[in-house]
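Final position of the sequence shown in this note's numbering is 171; the numbers increase by one with none missing.
Keep in mind the hints are simulated off the structure, nothing from the lab. Yeah, the Cβ is synthetic: ideal placement off N, Cα and C, and Gly gets one too. Incorrect hints may have been included.
Here are the computed distance ranges between Cβ atoms for each label pair [as the list claims (entries may be wrong)]:
#: 1; residue 1: 2; residue 2: 26; range: 26 to 34 Å
#: 2; residue 1: 124; residue 2: 29; range: 34 to 42 Å
#: 3; residue 1: 107; residue 2: 46; range: 20 to 28 Å
#: 4; residue 1: 105; residue 2: 46; range: 17 to 25 Å
#: 5; residue 1: 146; residue 2: 33; range: 46 to 54 Å
#: 6; residue 1: 32; residue 2: 164; range: 39 to 47 Å
#: 7; residue 1: 70; residue 2: 168; range: 32 to 40 Å
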Amino acid sequence: GGTLRIQGNAASVSQRVYLTSYRDDTVGGDTNGDGNATSPAPNNYQGIDFQNGSTGQIVGAVMRYGGFDNYPYTYGVVKNLGGNVTIANTRITLNNEGVRQQSGSMAISQSSIHANTSYGVNNISSNSVAATSTWWGSASGPYHATLNAGGAGNSVSNNITFSPWLTSDPN
1 GGTLRIQGNA ASVSQRVYLT SYRDDTVGGD TNGDGNATSP APNNYQGIDF
51 QNGSTGQIVG AVMRYGGFDN YPYTYGVVKN LGGNVTIANT RITLNNEGVR
101 QQSGSMAISQ SSIHANTSYG VNNISSNSVA ATSTWWGSAS GPYHATLNAG
151 GAGNSVSNNI TFSPWLTSDP N
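Start from the sequences, fold in the hints, and give me the full structure.
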């Protein structure tokens, strides 16, 4: 409900901020102490919710293995419920749903949003999401049934400005 600033350094793998599953042994070692007995997967943690009136800035982060899928509810690893959120130079991948906007404003740029099980960005609000200069997992851009049916990247919903997109991964 307040302000959240995640300030990693996208240019340096060791200086990025990682938000990932405790089963992800590739970052921080074997944090759950089970060796290779478990593997990370989408939905291992819910993610970050930005409440009405909050502000968020996510820069230089890697967010993976999150989101929430419990029918009929599905949420992104980043969920905007009415905040003002900016995401830049961030990798959002291997989640159930990458980003969901239900209300508020959001701008995404110079990021990599791909390989999410469901949408890369799902906007169910009437406010447009600006997600330009973003890599969607394919040089052909994100998949949208009418605006970019030839896109082989992660899917995007309606009311998202995704063009121009990046043709290679910036992160």
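Verification of the supplied hints:
1. 2 / 26: 26 to 34 Å: holds (31 Å)
2. 124 / 29: 34 to 42 Å: holds (38 Å)
3. 107 / 46: 20 to 28 Å: Holds, since residue 107 and residue 46 (Cβ atoms, about 23 Å apart) stay within the stated range.
4. 105 / 46: 17 to 25 Å: holds (22 Å)
5. 146 / 33: 46 to 54 Å: Between residue 146 and residue 33, where Cβ atoms are some 48 Å apart, the hint holds.
6. 32 / 164: 39 to 47 Å: holds (41 Å)
7. 70 / 168: 32 to 40 Å: The hinted range 32 to 40 Å holds for residue 70 and residue 168, with Cβ atoms some 35 Å apart.
The structure shown violates none of the earlier numbered hints.
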